[in-house]
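Colleague: Single-letter residue listing:
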Amino acid sequence: MNTTAPTTEQILGPTPGQILRRKIFGHRGIVIGGGIFLIIVLMAVLAPLIAPYDPYHQDLVARLVPPIWQDKGTWTHVLGTDQVGRDYLSRLIYGARISLMIGVMAALISGIIGTSMGVAAGYFGGKVDMVVTFLITCRLSLPVILVSLAVVAIVGGSLEMVILVLGLLLWDRYAVVMRASTQQIRSLDYIAAAQAAGCSTWYILAREILPNVMNQLIVVATLEFAHAVLLEAALSFLGLGVQPPLPSWGLMISEGRNYILFDAWLIAIPGSALFMMLLAVNLLGDGVRDVTVPENRA
Amino acid sequence: MLIYTAKRILLAILVSLTVSALVFSLLYLSGDPATALAGERANEADILAIKAAYGFDQPVYVQYFKWLAGAVQGEFGNSVYFRLPVIDLITERLPVTMTLGVCAMAFALLLSIPLGVLAAMYPNSLIDRAALLLAVLGQALPSFWFALMLIVVFAYWFPILPASGSDSWEHFVLPTIVLGYYATPAFMRLTRTGLLDVLSSDYVRTARAKGLRPAKVLFKHALRNAIIPVVSLAAVQFGFMLTGSIIIETVFALHGAGFLAWESISRSDFPTVQAVLLLFSWFYIILTFLADLLNAWLNPRIRVA
Amino acid sequence: MTTTLSVENLRVSIPLSAGVLHAVRGISFEVAKGETLCLVGESGCGKSLTSLALMNLLPSRAKRDADRIEFDGTDLLGVGERGMARMRGNSMAMIFQEPMTSLNPAYTIGNQLEEGIRLHKGVSAREARERAVYLLEKVGITAAASRLTQYPHQLSGGLRQRVMIAMALMCGPDLLICDEPTTALDVTIQAQILHLIKDLQREFDMAVILITHDLGVVARVADRVAVMYAGEIIESGDVAEIFSRPTHPYTQGLLNCIPVPGKTRHGERLGTIPGIVPSMIGEMAGCAFANRCSYAQDICQQHVETHTVAPNHAVRCVRAEQVRTVAAGSLA
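If you read the sequences in order, they're chains A, B and C. Using the numbering used here, read the first sequence as starting at 1 and increasing by one per residue. Using the numbering used here, read the second sequence as starting at 1001 and increasing by one per residue. Using the numbering used here, read the third sequence as starting at 2001 and increasing by one per residue.
Everything labelled a hint here was simulated from the structure, so no lab data went into it. Fair warning: there could be bad hints in the mix.
[Unchecked claim] Covered stretches of chain C (chain B as the covering partner; in silico rule of three or more C-beta atoms under 8 Å from a C-beta of chain B):
no., region
1, 2085-2091
2, 2095-2102
3, 2114-2121
4, 2153-2167
[Unchecked claim] The calculated DSS-like cross-link candidates involving lysine-lysine, where the alpha carbons are at most 30 Å apart (straight line), are:
no., chain 1, residue 1, chain 2, residue 2
5, C, LYS2138, B, LYS1220
6, B, LYS1220, C, LYS2121
7, C, LYS2138, B, LYS1216
8, B, LYS1007, A, LYS127
9, C, LYS2033, B, LYS1220
[As the list claims (entries may be wrong)] A few chain B residues that don't get close to chain A, going by computed Cβ distances all over 12 Å:
no., residue
10, TYR1004
11, GLY1070
12, ALA1261
13, TRP1282
14, TYR1284
The structure presented is a predicted model; accordingly, all values stated were derived computationally and were not measured. Where a beta carbon is used, it is the ideal one built from N, C-alpha and C, also for glycine.
Isolated chain A (complex conformation) (with noise of 0.2 Å):
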């Protein structure tokens, strides 16, 4: 027998933080996608203290030196640099920057128009909700590259015009999960509970049902981020993005794309940074889901 008198820790057991402390570092996806993410962040932060050159500086004399690994390459530009002579590991870490910017703000955008959507349906039902169902329906049927290249092509592109395009566009995920999470707490008692209490509407969409669906709004969030990063990329890559010299990596692929043939490394580093920072943000979003609800957890 244990004759010690137990610690109050060992009577209470673990607090709710620090279980989900530990399911968070336990779990593999989030420690993984989580480091990838911090460092990119890290890069982004600190690009002016971290990268060896200015990114927007042309060499002309040393145009396309390969980086460090390939037989020409030098210490003085590891990653080489690219057909105008820019340091590439300084595009590279500037790049970061444009990418986390617009994965941030379009998601955030997006958000708060689907989210309020998604509620407001969820909540008020009836017609609110025959109204935004249509209007995710048709949101739907608009394919967003098209769109977006399309709208981009007219009103010219820049780095906040493509944040405001996919902003406007990205919200229907949102909107479709944010409304069935409403909806299915909205039929739970204690809704009725704070509706007989004389709670006013937004009390109860602020205190009770908000709270209630941030951890599928954080997962949602986190899968638009990647989605805006990636069509950035894309609109960028297509010519119809963030425009030149910007250090873009959707751009930077498309500058490297003539090189292709000799200099294959020209894509492959810009494509792999951001293979890497959509693996994270996936590995995040993943983890964040297993974390919090606990019937997925197999």
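Since chain A is already given, all that's left is putting chains B and C on it; use the hints.
Modeller: Relative to the frame of chain A, chains B and C by itself:
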């Protein structure tokens, strides 16, 4: 089933109309479409002439209904760049896109459904983990970059496939893989979770209790029910594939409708852009409509109400 | 009477992260032709796993082990999965608890009724259909022929359970296992279904194992009863003997929980059994019920053997004789 079909048709028509209005209004984002069409070097007279020629001097709603009436009859006016009827351009290019779409869909389904079935039959096994890893990696792979890397590997390093063009079946191999892999993770995950669900269901246990062979239990009783959501997803994904073809056809210089869309957008060829955009949207609406019908037909609860 | 099924020392274990869960801990029983054996116990006592183990339909994680499972003269432990598949639905059939979800929503009733007999007996489509109509009428479904083209969602729960019974009888099984066949149904329908099972048993002269937690059901249909607790059979015998002279303290506790008309006074509180079922993870020494038993003494922590206290009445309790005396005294 009849009432259900009628309701769905009505919804599809309403959505089509709304979408057409949105597509039409895109043109006015630039402010004055006549100025945009005329180009930078046009003078006042040119712009007036264009206004008259395209009917921009009429009220907007008259323009819209005229355009819509034409669109319903397949009449989209002439391409500004090619100086040809838009509908001829599209009908000429569409077969390439359709071939690509069908090949990509077949590739995706043939790869993902067997993988999903194996993953569900042996959960947490090596094959399940490998399939999951493939899905996670696949979802993060940008298609245009994947396309370029495939070109580097299979057209330059090991020159066994052509890098661009649309003359022979070999030209379709790489585009099919790139376009098809994109839908694979979603199909696979859906097949896996659906089948896992069904395999633990009571009616599968009943089927086993009847002494049916494992293959019959799997194919007759389990897969039939697990595959229903995959059918809806396939229709939606086919629509996504057609839009995805814009990127793929541009990378591989396949002269399909997606390539036409990109060409017209970069040349500000508005009649063509509108036509392609509208047709792609309508096509998607028809696809989801058919998918819903097929879904209802596969599900006796809706079919035999 | 000829013995249809005889089970010796059946064990089912499920490996979990916390340890091995011994859900069924070495139980033995027999069922004869034309006889109904009721397995009674609370949820979680291992009675459903027992039935699945007989059919070899356990979830893939669960492991079955036994000294002998003899059915119609063959040892089921030796026949393998293919051999079991030949018997399932053919000579041994099963009815489940959930009629709402036990039929495949994608196929007609006829299709699901006929596929088993066509496989096992190789009969023609017409013969299969005739048999299906015959049995649907037997289980009391009107307009049987037209039901064949209906889908499960078009039938009520009670009708679906009748279809399940008809399906189980298609090949004329020697053994019918019913796992809580009436739990999910309305009380009025429960009685009809139990009657039906009893009638069909007489008509087809089958052995029936009926699993239930409801002593009311036992009283209606059982010839013999086996009471399960924590994966063991703690008392078994003829139904009249068990109901009139329950000997294991747990069985007594169970019987105290049912109101008896004329005996339970109005306003009197029904009995409950204090305490909870012990964890079934790991090995267990002594009597599993000891921690809840008012008769428990130190001796109960030692190994317990099942022994006979009367003809056709066996109890797994060290103090059975004393309990019997005390119980008889309190009844007098």
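Colleague: Each hint should be assessed against the structure and marked as holding or not.
Modeller: Hints and how they fare:
{"no.": "1", "hint": "2085-2091", "result": "holds (count 6)"}
{"no.": "2", "hint": "2095-2102", "result": "holds (count 4)"}
{"no.": "3", "hint": "2114-2121", "result": "holds (count 4)"}
{"no.": "4", "hint": "2153-2167", "result": "holds (count 4)"}
{"no.": "5", "hint": "LYS2138/C to LYS1220/B", "result": "holds (28 Å)"}
{"no.": "6", "hint": "LYS1220/B to LYS2121/C", "result": "holds (20 Å)"}
{"no.": "7", "hint": "LYS2138/C to LYS1216/B", "result": "holds (28 Å)"}
{"no.": "8", "hint": "LYS1007/B to LYS127/A", "result": "holds (17 Å)"}
{"no.": "9", "hint": "LYS2033/C to LYS1220/B", "result": "violated (34 Å)"}
{"no.": "10", "hint": "TYR1004", "result": "holds (16 Å)"}
{"no.": "11", "hint": "GLY1070", "result": "holds (19 Å)"}
{"no.": "12", "hint": "ALA1261", "result": "violated (6 Å)"}
{"no.": "13", "hint": "TRP1282", "result": "violated (8 Å)"}
{"no.": "14", "hint": "TYR1284", "result": "violated (5 Å)"}
Violation of the numbered hints given earlier is confined to hints 9, 12, 13, 14; the remaining hints are satisfied by the structure.
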